[in-house]
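Trainee: In case you want the letters, here they are:
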Amino acid sequence: MRSKLLLGLLMLSVIVVLGGCSTHPMNHEGMKGHQMDNGGKMDHSAHQAMMQRKDYDRKIQSYQVPDLLLTNNHGQHVSLARLLDTDKPVILNFIYATCTTICPMLSMGYIDLQRELGDQPDKVMMISITIDPEHDTPEVLEAYRQKFHGNSGWTLLTGNRSDIDNVMTSFDAYFGDKMDHQPLNFIRLPDKSKWVRLNGMINGKDFIHEMKMAGVY
Amino acid sequence: MILRWSLMVALLLLFAGAGLTFAAELTPEQIKTFGERMYREGVLPNGEPMQAFAAGEIQVEATSFTCISCHLRSGLGAIEGSIITPPATGKILYEERTISIKGNEFVPSYHSYAVYLPPRPAYTDETLARMIASGVDPNGRSTMKLMPRYQLNDEDMAILIAYLKTLSNEFSVGSEKGMLHFATVIVEGADPARVESMMVPLQFSVDRKNSLATASANNDRVARMAYNMLGPDLLARRFTLERWVLKGSPDTWRAQLEDYYRKNPVFALLGGISDGEWEPVHRFCEDKQLPDIFPQVNYPVIDNHSWYTIYLSRGIRQEGEAAARYLAGMSDLFKGKKVLQISRDSKRGRTLRDGFNQVWKQKTSAPIIDITLASDAELNKQQLGKIIKKQQPAVVVVWDGQRSLPALESVAKISAWKGLLLTSGSWLGDELWTLPDNLRKKLYMTWPYRLPQENGRFDLSLKRVLSGRPLDMFNVEALSKAYIANEVLGKALTEMRGEYYRDFFLDNIDMLDDTYFPLYERLSFGQGQRYASKGCFIVQLGKGENPQLERRSEWVTR
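In order, the protein sequences belong to chains A and B. Letter by letter, the first sequence follows residues 5 to 221 in our numbering. Letter by letter, the second sequence follows residues 730 to 1287 in our numbering.
One should not assume that every hint holds.
[Stated by the list, open to error] Distance condition first, Cα-Cα at most 30 Å in a straight line; then the derived DSSO-like pairs of lysine-lysine:
id	chain 1	residue 1	chain 2	residue 2
1	A	Lys216	B	Lys894
2	B	Lys1017	B	Lys1092
3	B	Lys1067	A	Lys198
4	B	Lys874	A	Lys127
5	B	Lys894	A	Lys151
6	B	Lys976	B	Lys1066
7	B	Lys1170	B	Lys1118
8	B	Lys1067	B	Lys1092
9	A	Lys63	B	Lys874
10	B	Lys761	A	Lys151
11	A	Lys151	B	Lys874
12	B	Lys1067	B	Lys1142
13	B	Lys1118	A	Lys151
[Unchecked claim] Partial selection, computed: residues in chain B whose CB lies under 8 Å from chain A:
id	residue
14	Ile812
15	Val865
16	Gln1091
[Unchecked claim] Now the stretches of chain A that chain B is said to cover, found in silico as 3 or more residues with beta-carbon under 8 Å:
id	stretch
17	61 to 73
18	124 to 133
19	147 to 159
20	189 to 198
None of these hints come from the bench; they were simulated from the model. Note that beta-carbon positions come from the ideal geometry of N, C-alpha and C, so glycine has one too.
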């Protein structure tokens, strides 16, 4: 009895001392299928499946985008509904400035498109919405745009946390924490009611191809 | 210039030899200088940006696609969302990768990157150069889906590879022989009650970790459970915690810190406390590449490039900044009207004013009338009343403590003025809770913490480190801040899989999820983010004898 109590106390102390088994970014959609139950090893078939996985998933979905007031990279308040009320093709993604891997890749896709557009940078409306609004002020977002040599066709938006969460939820892109986010690109189809949802690390060629397929470019 | 010339000579001498031996002729300092710049900034030794091909074919300058952005500063990689970035250090690349991390084969840990990646043979200089240049790993597998390929000539490639071989290749000092050494810096003059309250969680953490190490050595069942949670190395490690007390004037602290560090070169500083200056400690940490997590200071060093100190927030300044953001968002209030800002001529007053002004000028062009209140002067009710009636400012901001409360009360009574009155809630201290009723209706305050009535649910967590002593024996603010340091230390160490590099320690903190701890509404992290709490409420005091703070803004206002 006593030893059990001691054991319990000690394990409690492990949790207290070391913050417990924290929820690390690994614990999320996309990895669940690979959680191992055999002493830390993943079986060969799981590896195979992972290796042969398609680069990205493509779905066509409708989203009810809320009308919210956000702030752009120039510090101006903009209505999201008014921004989207355009006949121009629209592409949209969720990023944050201190993101390590996913966001630079997403931004690179935008830059590649920008190059393709050449001297008509405003032909497509490129929108990036930060999922780290606490850190990403308009100034931070503007610096981010400049770091990637983005031009005027690229609008970056921040806002209040609850508003940002609302937008993410409306695109079914809310993952609870920014560290758990997914590489998502959204392309609005010309009839404006539907979006192509691309989930995955898509390469430049495929991204342009998808936009052409969507009739955007 | 001399460096570059000697590099040229070294390269010329080696031109006839095998490409990848170039770097061997460079001094370690040259490899560090040039290699680090390539790795961290994407800039070649000749000052030009490295060229890369990302996402397959897109040619980009590597300055916006650096090695560090994925492999992180330590080179030990990261897991972000569904994306795994494996380590890029020579030590790990030049070893075969099996299906589990060596030494951690039986740790059922989901943050162990190796289980998600295919095994591969050890890299050689040639295969590594090929992978960096063409995106093909020793398995013949393309890495191009995630990693750009970099266009480098042989010399630059050799430098980069030589740098990777030095990156995180020897454990940081302070982590020798099964130990992890820590210290906390205490600036003499800090309130002893706060100092002792800060020490409680830190010492608790160290003592319990050491008990666990002892128990694991003596009891197989404890050892097994600890192994599963902490891995074989961390479970056996013992921690030490030393107090480094700094005395006298701040310009003498450097020598004192050097002395402490020489005697005991610790792995990291935990917490720390000062009622005033902190910058010499911050600079020392930068120079020694010594992490300090969550010192309890009002005046953190504010910049965008320091790396080694992670602060709880931007300190006092954050209240001034938040006030400006909040007010600038109420454009209807201004319409050509001014802000009257009165600040006490003290470090606290000036810091609040500077924070306010900087954000205000970014956000709006509405003019500010700045009045400085001498350090020994009273805020004169009559004069203030006259200025307000004449200028009719939209907002009166007073950066002072309880000393100016009588003047604020008189301002609240001016019926001919309909503007908004704002001050620092944290500066009012206990006086905040007994504000007279007429002031409660009028006065807005900055409050850089979670509202007290919503913080009670964390008391249980705090009590866990008190070993039965009641919470009211302690300074709960200092206790909470140290508790946060302690928790973050634990989270980072459990992610480190026995790799004791200071940069990896900070990399792991950078990759933490948003966290909900006592005291602050929310802490958030990210690569290079160094002020974890970004928020501040604007509040008013409610009615009654036991009033609550009432929220007038979100935690973060843009």
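Trainee: Let's test the interface hint: is any C-beta of chain A closer than 8 Å to that of Ile812(B)?
Mentor: For Ile812(B), the interface hint holds, since the closest Cβ of chain A sits about 5 Å away, which is under 8 Å.
Trainee: Given the proposed pairing of Lys761(B) with Lys151(A), does the C-alpha separation stay at or below 30 Å?
Mentor: Answer holds: Lys761(B) to Lys151(A) is near 25 Å, not above 30 Å.
Trainee: Are there at least three residues in the stretch 147 to 159 of chain A whose beta carbon sits under 8 Å from a beta carbon of chain B?
Mentor: holds (count 3)
Trainee: Below or equal to 30 Å on CA atoms is what counts here, so check Lys63(A) against Lys874(B).
Mentor: holds, 20 Å
Trainee: Run the distance test for Lys874(B) versus Lys127(A): straight-line Cα separation, threshold 30 Å.
Mentor: holds, 28 Å
Trainee: Under 8 Å is the threshold here; is the Cβ of Val865(B) close enough to any Cβ of chain A for the hint to stand?
Mentor: This hint is violated: Val865(B) lies away from chain A, its Cβ roughly 15 Å from the closest one there, beyond 8 Å.
Trainee: Against the 30 Å threshold, does the CA-CA distance of Lys1017(B) and Lys1092(B) hold or violate the hint?
Mentor: violated, 38 Å
Trainee: If you take the shortest Cβ to Cβ gap from Gln1091(B) to chain A, is it below 8 Å?
Mentor: holds, 7 Å
Trainee: Please verify the coverage claim for the stretch 61 to 73 of chain A: does it have three or more residues whose C-beta sits within 8 Å of some C-beta in chain B?
Mentor: As far as the stretch 61 to 73 of chain A goes, the hint is violated, because 0 residues have Cβ atoms under 8 Å from chain B.
Trainee: Go check the stretch 189 to 198 of chain A versus chain B for me, would you? Three or more residues, Cβ under 8 Å, otherwise it fails.
Mentor: violated (count 0)
Trainee: Quickly compare the C-alpha distance for Lys1067(B) and Lys198(A) to 30 Å and report which way the hint goes.
Mentor: violated, 47 Å
Trainee: Tell me if the straight-line CA distance from Lys894(B) to Lys151(A) falls inside 30 Å.
Mentor: Satisfied, since the Cα-Cα distance of roughly 29 Å is no more than 30 Å.
Of the hints listed earlier, those the structure fails to meet are numbers 1, 2, 3, 6, 13, 15, 17, 18 and 20, in rising order.
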